[in-house]
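The task is simple: from the sequences and hints, build the whole structure.
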Amino acid sequence: MPEVHQLTPAAATASIGVSIRWWMAILALLVVGAVVVAPLLLDTYMINILIRAFFVAIAAVTVDVMWGYCGTLTFGQSAFFGIGVYALAIVFTEYDFGSWQALFAMAAAVIISAAVAALTGWLSFYPGSTPLYASIVSLVLPIVLVQILYSGGTFTGSSSGLVGFETFDLSFESWFRLAGLSLAAVAAVALILMRSDTGRVLKALRDNDERCAYLGINTSRYRIIVLVLTAMVAALAGFGYAAFGGVAAPENASFTFGTRLIVMVALGGRGTIIGAVVGALSIEVASAYLSGSLPYVWELIIGIALIAVILAFPDGLVGAISRLTRSFRKAHAGPAIRLRPIAASAAVDRGSDVAIEVRELGKHFGSLSVLDSVQFTARRGELLSLVGPNGAGKTTLIRCLSDGRERSTGFVAIAGHPIHRMSPDRIVQFGLGRKFQAASFFETLTVAECLKVARTHRARPSLTSTSTTPELPPAAISVLERSGLGDRLGEEARKLSHGLKQALELAMVLSLEPEVLLLDEPTAGLTRAERQGFADILTALAARDRLCILLVEHDLDFVREISSRIIVLHQGRIALDGSVDEVVNSALVREIYTGQQQPASGAGS
Amino acid sequence: MTNALQVEELSSGYGTSEVVSGVSFTLAKSEVLAIVGKNGMGKTSLLKAVLGFLPAWHGTISLAGRDVTRMPPHLKRRKGLVYVPQEHALFQDLTIRDNLRLGLLSDRDFAVAIEHVGQWFPVLTQRLQQRAGTLSGGEQKMLIVARALMARPEVLLLDEVTEGLQPSLVDRLSDVLARFRQEIGTSMIVIEQHLPFALGIADRYLVFKRGEVVDSAGVDAEAAGRIEAHMRI
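Just so you know, the protein sequences line up as chains A and B, in that order.
Everything in the first sequence is counted per my numbering, starting at 1 for the first residue and increasing by one.
Everything in the second sequence is counted per my numbering, starting at 1001 for the first residue and increasing by one.
Calculated from the structure, these hints are not laboratory results.
Be aware that a few hints might be false.
Okay, the calculated bits of chain A under chain B, using three or more residues with CB under 8 Å as the criterion [to be verified]:
(1) 378-391
(2) 485-498
(3) 521-530
Pulled from the structure, derived: some chain A residues nowhere near chain B, Cβ distances all over 10 Å [claimed, not checked]:
(4) 47
(5) 198
(6) 291
(7) 341
(8) 369
Keep in mind that this is a model prediction, so the values were computed, not measured.
Glycine included, C-beta positions come from ideal geometry on N, C-alpha and C.
See the structure below:
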């Protein structure tokens, strides 16, 4: 096996990488220069509008992170913005202006918004929750907050808000530079984070939460952390907004403002960060000018313009521009993608070699019993096939082994660890790998990126840099080589054929370096050659790497060729558990399964 | 006699990449054609182009002698062209009964149709009120096949229909399909990796490679060997 696979010329890509970095640096300098110089050129009215717009744009960036990258459409960022606004207004009104008070108000804004976000996140992102559910929770949040503000009497200023408190005394130019540079910094940090390996994990969460959980990623924790961080940033934006304006109004925290942030992101192009900035600035500036000159119809005009833009450019203004530039850049080769093999981690000797232990397992839906008193053990190095008629409970059994919350009764241990009521991501830490019946992967990521995400729990993803070099164990590399996926690492996963998708998912699961491998009909829809390849890989994994493999399969020839033992499941119970010959030729299997009167024919048929 | 389905010089693809390149074939009434080939060679895309889910860039498609190249998929369905996709294309939250009802254009024939389903797959009619999403993978496959057969199609396109079915059901499916073609003259295209099933019911086969037909012949005793030889390359 070669040390490093190199699929595009390294020299060319290295120069592209360097030139991109240079361009980014030049762009950053230009932005900073523009922010410093602009207040000298613009009129006071425009400066005034832009300062507010900069703070609003920071909130819009947090919406883009939540919606564009993590896939949660959130109406709630306005609530965190509002917490920042009111933290400042209340502290300055109650305790007067001063540097200690300012620090206290800022700390309050950050801490309260983080606490509220943590609570909201805990409510929104429990395992198994849907993105729609999280959106609805985010919709409730600003409504509740505004009600609290309304009922706060003189403390919150009720519906008229708080005005007339003393605040920072800075010149317009200084405010402009402060707000502009803050926005540039937030946008730059967001861009770097979202393009890093960590950002890629977030995109993977957006694409396929379940697959992430079965790759050992604690999906709820990731989502809650992102929500807490974006909430703190939005609160600081609100803090700046109120410090500049000297006003706090319930509208700053309202659901309407939350929706406007979404519109800004959609207009600019979601999932781009820059789009959020462009959308926020253009809507804020246009609104300010139009509301002065056309006081009654300006909202209608903005609404119609928005619909027109979104119909013409479904991926927003920035999306449309980047599509245009991409068609010019087509000639460039993509970044070099390499595979780096790593040494297989030495199998930990735990004394016992029982890999799966199941006792008295039951699964009931009401009075309907899907699995009943299922009991078996499987050892390392064993290749155990699970067969049975359609609807016998095979997939349900796999689910009960890989998710502690699934079974109704009984005991399950994986590699010696009882799984109690644990979620899949924790059971994966014990050495479990599960491949689904229908290939499950990350649609919008490339093959290399999918593999990279699969290594998340072994190699902590970087926050700043992005690497295209998945470091994979030998088992995963051999799947990539045999299937031909190794030559297509840069392709988007959803464009692969059925067989390659199956191979990709297997490679992802093997990247976990599992000790117990659960496979649900891995050969369905594969050609005979692909099936043979699969058989070779699986037998090698069991024999050489001492994996325990549990396989659901209908192809009895395939089962006979590779299994060391077969369990027959029938109507939720184990009907037979024995060697290949005992099971395949038994009368019971012929009767309930193959429907043939004679013993199944040989492997060559 | 006009062919049930005739495809001439059909080309199609995604975006700018061509995945079906100038494919021609005919399907006579009550004929069964197996399309075989490695994965990723464009077999499913060919069916999608015939159905109209992918645009025909070039070439013509006719159903029973009538040009339907530009006809949208739902109108082709009314002309008797029915598709069984490889993925579990079900309404997960509807009951088995309602999923089956959607297979017919009118409720009038439903009572008779459901009796037939009971003969093919009794496990479905015993549980008509159960939600389709709660069925196991193989049972969902049965439901998709039953829904397509209920429509008594003129031309039936089957994409990896045996995937996930237990061996005895695969045998039963072969019988049911054979009966359909005898009794109502259904023509079929079968995309299949499970060669014994495909060659058991097909009259002819096409070997598909990179969007093109590279071999085509009648099914005889040596067919399996010839196909395996193509698949190895």
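Comparing the hints with the structure gives:
1. Judged by the Cβ-Cβ criterion of 8 Å, the region 378-391 of chain A is covered by chain B as claimed, because 4 of its residues qualify and three suffice.
2. Closer than 8 Å: that is the beta-carbon criterion, and the region 485-498 of chain A has 4 residues meeting it against chain B, so the requirement of 3 holds.
3. Counting residues of the region 521-530 of chain A whose CB falls under 8 Å from any CB of chain B gives 8; the rule of at least 3 is met.
4. Separation of residue 47/A from chain B is adequate, the least Cβ-Cβ distance of about 46 Å exceeding the 10 Å criterion.
5. Even its closest Cβ contact with chain B, about 31 Å, leaves residue 198/A beyond 10 Å, as expected for a residue assigned away from the interface.
6. For residue 291/A, the shortest C-beta to C-beta distance to chain B comes to about 43 Å, beyond the 10 Å cut-off, and the non-interface label holds.
7. Distance check on residue 341/A: its Cβ is at least 25 Å (rounded) from any Cβ of chain B, clearing the 10 Å threshold; non-interface status holds.
8. The beta carbon of residue 369/A is kept farther than 10 Å from every beta carbon of chain B, the shortest such distance being approximately 14 Å.
Taken one by one, the earlier hints all hold for this structure without exception.
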